[in-house]
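**Q** One letter stands for each residue in the lines below.
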Amino acid sequence: MHEWSIAEGIVDTIVNYSLKEGAKKVVKAVISVGELSQLNLEILKYAIKALSEETIMENAEIVFQTEEAMFKCLNCGYSWSFSEVRKKLLKMFCGEEVEECDNPVHYVPDLINVFIRCPKCGSPDFEVSSGRGVKIASIEVVK
Amino acid sequence: MLSEKIDPRDLAIEKKFRNIKRSLLVLSGKGGVGKSIISTTISLLLANKGYKTGLLDLDLHGPVIPTIFSLEHVEPEESKHGLIPPQAYGVKVMSLAFFAKDEPLPLRGKSKVDAIKEVLAITNWGNLDFLVVDMPPGTGDEVLTAARYVRNERIAVVVTTPSKLSVSVILRTMNLLKDLKIPIIALINNMAYLNINEKMIRIFGKIDLENLANKFNVRTCIELPIEPQINEILEIGDAKKLLDTIVASKLKELIEILEVK
Numbered sequence: 396m397h398e399w400s401i402a403e404g405i406v407d408t409i410v411n412y413s414l415k416e417g418a419k420k421v422v423k424a425v426i427s428v429g430e431l432s433q434l435n436l437e438i439l440k441y442a443i444k445a446l447s448e449e450t451i452m453e454n455a456e457i458v459f460q461t462e463e464a465m466f467k468c469l470n471c472g473y474s475w476s477f478s479e480v481r482k483k484l485l486k487m488f489c490g491e492e493v494e495e496c497d498n499p500v501h502y503v504p505d506l507i508n509v510f511i512r513c514p515k516c517g518s519p520d521f522e523v524s525s526g527r528g529v530k531i532a533s534i535e536v537v538k
Numbered sequence: 226m227l228s229e230k231i232d233p234r235d236l237a238i239e240k241k242f243r244n245i246k247r248s249l250l251v252l253s254g255k256g257g258v259g260k261s262i263i264s265t266t267i268s269l270l271l272a273n274k275g276y277k278t279g280l281l282d283l284d285l286h287g288p289v290i291p292t293i294f295s296l297e298h299v300e301p302e303e304s305k306h307g308l309i310p311p312q313a314y315g316v317k318v319m320s321l322a323f324f325a326k327d328e329p330l331p332l333r334g335k336s337k338v339d340a341i342k343e344v345l346a347i348t349n350w351g352n353l354d355f356l357v358v359d360m361p362p363g364t365g366d367e368v369l370t371a372a373r374y375v376r377n378e379r380i381a382v383v384v385t386t387p388s389k390l391s392v393s394v395i396l397r398t399m400n401l402l403k404d405l406k407i408p409i410i411a412l413i414n415n416m417a418y419l420n421i422n423e424k425m426i427r428i429f430g431k432i433d434l435e436n437l438a439n440k441f442n443v444r445t446c447i448e449l450p451i452e453p454q455i456n457e458i459l460e461i462g463d464a465k466k467l468l469d470t471i472v473a474s475k476l477k478e479l480i481e482i483l484e485v486k
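Protein sequences, first through last, are from chains D and R. In terms of our numbering, the numbers along the first sequence are unbroken and rise by one, the last being 538. In terms of our numbering, the numbers along the second sequence are unbroken and rise by one, the last being 486.
In isolation and in its complexed conformation, chain D is listed as follows (with noise of 0.2 Å):
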């Protein structure tokens, strides 16, 4: 249920600038969602379609760009990426062979510093170089 308030937020701030700009209609949005809010797409979409009815980006196309999260240890300068840890992260709130699970790094991905260590050296001192959350990438409209 995450993805209705990030939705929320997504339509309000797509509708808004469109407005500030003249737009009449909006016509497509790009979304760029980073991988470590583990955001489950469809539900996405179908709440920001469900959310965008009676107002001006009502019918909008709306395409997704993933991007995957990597991480840089800040001690040791190893990169890595989510996949690599995402078993781990998972296994560790809702037990073994789970792929999808709600866990705190869902709510708030700067908490993956709480649970992940880098996987070379065990620093917890690690920064999420890409794929941490939500952005509008870009915005098409009518005016």
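These are calculated hints, taken from the structure and not from any lab test. Hints are not guaranteed to be accurate.
As the list claims (entries may be wrong) - Derived DSS-like pairs (lysine-lysine); straight-line CA-CA distance at most 25 Å:
(1) R:K475 with R:K255
(2) R:K326 with D:K482
(3) D:K467 with R:K335
(4) D:K415 with D:K444
(5) D:K419 with R:K255
(6) R:K230 with D:K444
Got chain D sorted already, so can you dock chain R onto it with the hints?
**A** Same frame as chain D, but now just chain R:
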């Protein structure tokens, strides 16, 4: 058509704060001055008077509010409009500790900023009369971020202890608040004295709080005692008993000011 990507959290935060009448920021220069107990007691006093009250724990390095309320094993529930803060004694509580539990939060500057933004964007407070914010100590990224995004009517309370070091640090906090145009409604000198056999003993000495308050045009100074009963309350985990403390009776003056303003 966009020159740079837009972060939808900015508007989400603004929208969530539209339903919150006032925010009371509780700050200190240093950690360990009792800011969280004071924030909690103020929240309980407000809720006890019938005000819709929220308490936001933004102390990223020592988030203890859920523990004070014995809510450490509770998780916020989801709703279509965000996470619903767990409630205790009429106070809605949100903290990163609900997610991180007892683990350390080894976050650097940008991650701290993002974590605070995320908590502000995802928390569905509903309508509130007061949001009490237990701010991070210092004058760094976390304080600036919280001040930037908590944009409704803001007022501040600054907490110190009777130590020269604490006073020198809160000077920076007070100067920052002045620059941010956030009015300080009270200066609180915590652990100012100990009452033994009805005798007030200032075991840490005395500081000239009035002089400091005058410099910043702060009209109210409140001295709070060292009260061993508070530790006992924390041990038994019954936060509501904080209302029966001398600290609470002294903080009622602050509630009266909030009601008048």
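**Q** Hints first: check each against the structure and report whether it holds.
**A** Status of the hints after comparison with the structure:
At most 25 Å may separate the alpha-carbon atoms for a hinted pair to count; R:K475 and R:K255 meet this at roughly 22 Å. For a cut-off of 25 Å, the pair hint linking R:K326 to D:K482 stands: about 20 Å separates their Cα positions. Straight-line distance between C-alpha atoms of D:K467 and R:K335 comes to about 14 Å, which keeps the hinted pair within the 25 Å bound. Between D:K415 and D:K444 the CA atoms are separated by roughly 21 Å; this keeps the pair inside 25 Å, and the hint holds.
A threshold of 25 Å between alpha carbons decides the hint, and for D:K419 with R:K255 the separation of about 52 Å lies outside it, so the pair is violated. A distance of roughly 21 Å separates the Cα atoms of R:K230 and D:K444; the hinted pair therefore holds under the 25 Å criterion.
Of the numbered hints given earlier, the model fails hint 5 alone.
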